[in-house]
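J.: Residues per chain, in single letters:
There are 2 protein chains.
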Amino acid sequence: MNFKKLILNKIENNREVIGIVGLGYVGLPLAVNFAEAGVSVIGFDKSVEKVDMINNGENYIGDIRDAVLKDVVDKVKLEATTDFSKMQECDALIICVPTPLDKFRKPDMSYIESACIDIGKNMSAGTFISLESTTYPTTTEDFMLPILEKESGLKHGDDFWLAYSPERVDPGNKNYHTRNTPKVMGALTEDGMEIGEAIYTKAIDHIHKVSSPRIAEMVKILENTYRLVNISLINELALLAGKMKINIWEVIEAAKTKPFGFQAFYPGPGIGGHCIPLDPFYLEHIAKKYDFDLSMIHAAGHIDMRMPHYMYIKIATALNRHKKPVNGSKILFLGVAYKPNIDDPRESPALEIMDITAHKGGIVSYSDPYIPHVKTNDGIKYNSIELTKENLKNADVVVLTTNHKDFDADFIKKHSGLIVDLRNMIKEGGENIYKL
Amino acid sequence: MNFKKLILNKIENNREVIGIVGLGYVGLPLAVNFAEAGVSVIGFDKSVEKVDMINNGENYIGDIRDAVLKDVVDKVKLEATTDFSKMQECDALIICVPTPLDKFRKPDMSYIESACIDIGKNMSAGTFISLESTTYPTTTEDFMLPILEKESGLKHGDDFWLAYSPERVDPGNKNYHTRNTPKVMGALTEDGMEIGEAIYTKAIDHIHKVSSPRIAEMVKILENTYRLVNISLINELALLAGKMKINIWEVIEAAKTKPFGFQAFYPGPGIGGHCIPLDPFYLEHIAKKYDFDLSMIHAAGHIDMRMPHYMYIKIATALNRHKKPVNGSKILFLGVAYKPNIDDPRESPALEIMDITAHKGGIVSYSDPYIPHVKTNDGIKYNSIELTKENLKNADVVVLTTNHKDFDADFIKKHSGLIVDLRNMIKEGGENIYKL
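If you read the sequences in order, they're chains A and B.
So that you can map any letter, position 142 of the first sequence is 142 in our numbering, and since no number is skipped, the others follow by simple counting.
So that you can map any letter, position 34 of the second sequence is 34 in our numbering, and since no number is skipped, the others follow by simple counting.
Mixed in with the good hints, there may be bad ones.
When chains are identical, the list treats them as one kind, so a pair holds in a single copy or across two.
[To be verified] Restricting the straight-line Cα-Cα distance to at most 30 Å, the calculated cross-link-like pairs of lysine-lysine (BS3-like) are:
(1) K393 to K375
(2) K10 to K256
(3) K324 to K121
(4) K4 to K324
(5) K209 to K243
(6) K339 to K174
(7) K86 to K106
(8) K323 to K121
(9) K106 to K121
(10) K174 to K289
(11) K75 to K414
(12) K106 to K389
(13) K75 to K288
(14) K393 to K414
(15) K245 to K209
For the record, the hints were derived by calculation from the structure and aren't laboratory data.
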């Protein structure tokens, strides 16, 4: 039997079934895009809660419109399951699982490993497999391939095909979504590339093919390393500028008038989210194997790790000028999302600053219209309080940690006694406003 | 007498005289732009050769059209002189002198200092002074102002005005020139800003005003630090990619398909030119005064300084694979300009690689259609040889150091026995081609 001919024939006749493994902010939008295009999709996740929500047509991802999800579920183009044996019904399996760092900032490959074991045990011969999770170069070839062959007893190239195609999801981006963001893909074989392109083309407008999975793996790391390094650079320059009485925000606005060779990045209390603070350290990890020290990533990571501490010092300094100690002062944080207008507090520097402040005796509270409850890294649970005159007045210091569009700078300025603005939200300075 | 009213009146009636101090790649184009706009310009330079050339209508700057220079000289809108006493005839003096690093990579402020002494001794009351040279924040206020007041006996604010407005000249840029590149300016007083804007507006389309000279100083450093850091980052990643058998050029092309949040930089044998390898270290210098360590710039500088050595190792490795030592081998470098299609070899990494290679016994030659003669950092003089079949064949290794458009990659590939391509000029690989 010619598996390649079979799968290409199925794709051509819209009879292929796509399995998406991991139904988070990457997997679910991708699943919905395939289903919208008329492809039958099975979503796999270990979370019963997520699976039930999807099967009830309930959406939990900000970038998906509720009606679209409901529609594809109603039409039975998308179903979700915790039963991984259903992977045998799939012609393609696309892995969209997390790749976090462990407590020692080393890659935690357990999600990819687990997905590969599940797939290896359950897939049928003739399946196309693609990894979308960010990871270090060589993962697809050296880490995934042996597990898949071992668990399945199948042979790559003859019985299945493996590719790497990194997600480029930017939560909250109004212009670029899953479909219209060009997608890089590298497969281990030419057949794999041909099949992968045929599959993805239904959900993605443009596929950019590269010559190997490790090229594609490096592409994603380069993109996010670029961001980590530049945010860290501007954070470091912001700290110096503060000492030199230079308003870094005015500097950036002026630098932006250069019509070539410059891209603006903005300082902040630290780097959050599930990609930029993590991905470059996957590369740093594999570099060690090649006796190579990535000094730029290392320096950037150093700055990034320290930013919440510097921000705590800013808060303590502001309070001190008003003859108040942190210990016993009421400190209200505005925003715990890692970036504006989204509901994701992962890796948010605000949480770490809250922990440091609470640890020093500060009486911490927060307000975030997108995130009603939060648990910090230290395991402390908070409920969001309302952004009212009284709550602002009641705080010894109000710390602006996320520039949500819902936050009214004039209102905050008017009713707060003392403000530490880490996001340049209060454009006109004032006696009681301390800026990053 | 109201100096401000006087100068604004002169500007309005096109009777102002602008003095440009330093007639290099920044000063001369600026002088020509003012003169083209009908303003009378006196150019000051200590080089008799430059002054004579200009007064004879002879151009020596690539970005100026010969006919335009000749025209403004013929019309007596631009004259050049080594006689600094003529500064007293000027209503504005714009300083465009070099700000290099000394042998210990510390700022060499002697050109600015010298210009300030000349101006202080010669200027009339009622003069507007602007510095365009890149320098560390606080230079205008803390370094220049005291010299100018002391040498002139005049008082800033009453008798003269001082501003900082960084040049943004990008040699060889086809789209952005002196006139259409927005210009940032920060003056010490509001009067200075008003006068400066009135003056510059005749030569520059858009002036972006900032609140102080130190903001403007920081703007320029930020722009070039951004470039240094990103080039260093990609150079470091290129070195790792080489070890991992990853083609970094293919990675960058793929990353460029990301339609948001990415700007491509390319690796190379090191960072050249008179700005990017130098400017950030002006900031590093002043940062020490604030007990501040700029780790990103430091790491970038470290990579940058080492690149020529790594490139030498690439050359030695390529020769070694062909069972040849560097010692006694004929090594032909193609391109000594620091970037393509210009005639400027300043800080060019090619020169340093040539020195290292010659020092190890290599028989070094070079070919560069833009630069007929060159002197390396070690003081060795070379003449460019022609790029012929024979010269390519005759070399044990041909090293591609600058991607001039004049270099024909197919021709080079066809006639060279062994190539080390540091600029991705040979797109299709081959047995005897070693790439960065």
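J.: To test your reading of the hints: which numbers does this structure violate?
T.: 2, 3, 4, 7, 8, 10, 11, 12, 13
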